Amino acid sequence: MANSIKIRARMKGNSCEVKSLIKHKMETGLRKDKKTGKVIPAHFIQEVNCEHNGSTVMSADWGTAISTNPYLAFSFSGAKKGDTIKLSWADNMGESDSAEAQIK
Amino acid sequence: MNMKRRVFLKGTLASSAVAVAVGAGLLSPRQVLAAWPKSAFEAKSVSDALKNMYDSDLAPASDAIKLDAPDIAENGAVVPVTVETSLKNVESITIISEKNQTPLVASFNMTPKTEGYVSTRIKMGQTSNVIAVVKADGKLHSARKEVKVTIGGCGG
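So the sequence lines, in the order shown, correspond to chains X and V. Taking our numbering, I'd label the letters of the first sequence as residues 33 to 136. Taking our numbering, I'd label the letters of the second sequence as residues 24 to 179.
One or more hints might be untrue.
When the alpha-carbon atoms are kept at most 25 angstroms apart in a straight line, the in silico DSS-like pairs for lysine-lysine are as follows [claimed, not checked]:
(1) K112(X) / K57(X)
(2) K89(V) / K64(X)
(3) K168(V) / K51(X)
(4) K122(V) / K57(X)
(5) K51(X) / K89(V)
(6) K67(V) / K136(V)
(7) K89(V) / K111(V)
(8) K38(X) / K136(V)
(9) K112(X) / K168(V)
(10) K67(V) / K162(V)
(11) K51(X) / K111(V)
(12) K136(X) / K136(V)
(13) K44(X) / K57(X)
(14) K57(X) / K61(V)
(15) K118(X) / K136(V)
(16) K74(V) / K112(X)
(17) K136(X) / K113(X)
(18) K111(V) / K168(V)
(19) K44(X) / K89(V)
(20) K61(V) / K64(X)
(21) K74(V) / K122(V)
(22) K112(X) / K51(X)
(23) K113(X) / K44(X)
(24) K112(X) / K64(X)
(25) K67(V) / K57(X)
(26) K66(X) / K55(X)
(27) K74(V) / K64(X)
(28) K111(V) / K67(V)
(29) K74(V) / K162(V)
(30) K51(X) / K136(V)
(31) K113(X) / K122(V)
(32) K38(X) / K113(X)
(33) K44(X) / K61(V)
(34) K44(X) / K111(V)
(35) K55(X) / K61(V)
(36) K70(X) / K67(V)
Calculated directly from the structure, the hints in this document are not laboratory data. No experiment lies behind these values; they were computed from the predicted model shown.
Make the full structure from the sequences, and use the hints.
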């Protein structure tokens with residue numbers, strides 16, 4: 033699951049806006065497979081964590097109702113250009129991924 | 024004779040590699056997921072979800088929260104939602120879709136550095152209120168907006 037995350041962080045005045053797209057199917061566990069009629073098991077991201085220079089600035093708990101290929105944006109203060117921002121996720125099937133970016 | 028020995032070695036190597044992979048796969052995620060509020064995400068009503076999340080379902084409406092969502096969502100599988108608040112000391116922002124099977128959509132935990140702004144895309148099963156609950160200074164505040172959904176995004 034490498035490179036499932038696109039992350040971009042940009043300074044806007046004093047605050048840093050982080051935008052991210054994650055590639056994940058976010059299966060709800062309610063859909064049925066049209067061919068077999070069996071319920072497709074839930075497979076979704078549960079935890080998202082964002083770190084700025086190694087300390088957490090935002091962590092999120094997600095349910096199944098976040099859209100497929102989730103989009104996430106938030107902002108925080110106390111950052112400067114060139115700092116490192118790291119985003120990681122973990123899903124209910126034990127998969128996880130993380131990505132880093134420099135703040136622009 | 025020699026051939027059999029090769030096959031035997033290959034077999035044992037392969038199975039031990041699988042065992043190691045399974046072991047590693049099982050160890051890491053459990054620790055990460057320890058804090059995930061399962062009961063809140065499985066709750067079937069808005070008040071149960073809030074009680075599981077915050078020990079209270081009282082979240083008075085507040086003008087300090089701006090909830091941005093479309094009036095009509097043609098596709099319930101992708102409904103953009105943005106929550107902005109001018110409240111100070113925001114601890115968390117929770118997004119709820121009232122009539123989803125499990126109403127709790129997501130909860131964002133903030134730190135003192137984080138600003139009161141979060142934007143994401145959610146799934147909605149049918150036309151209902153989207154509710155944003157903001158916890159700031161230990162108190163709950165909320166804002167709601169009705170979104171009309173023409174095609175549901177949960178199940179099918």
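- Message: Hint by hint, where does the structure go against what was stated? Just the numbers, ascending.
- Response: Hints 1, 2, 6, 9, 13, 16, 24, 27, 28, 31, 33 contradicted; others consistent.
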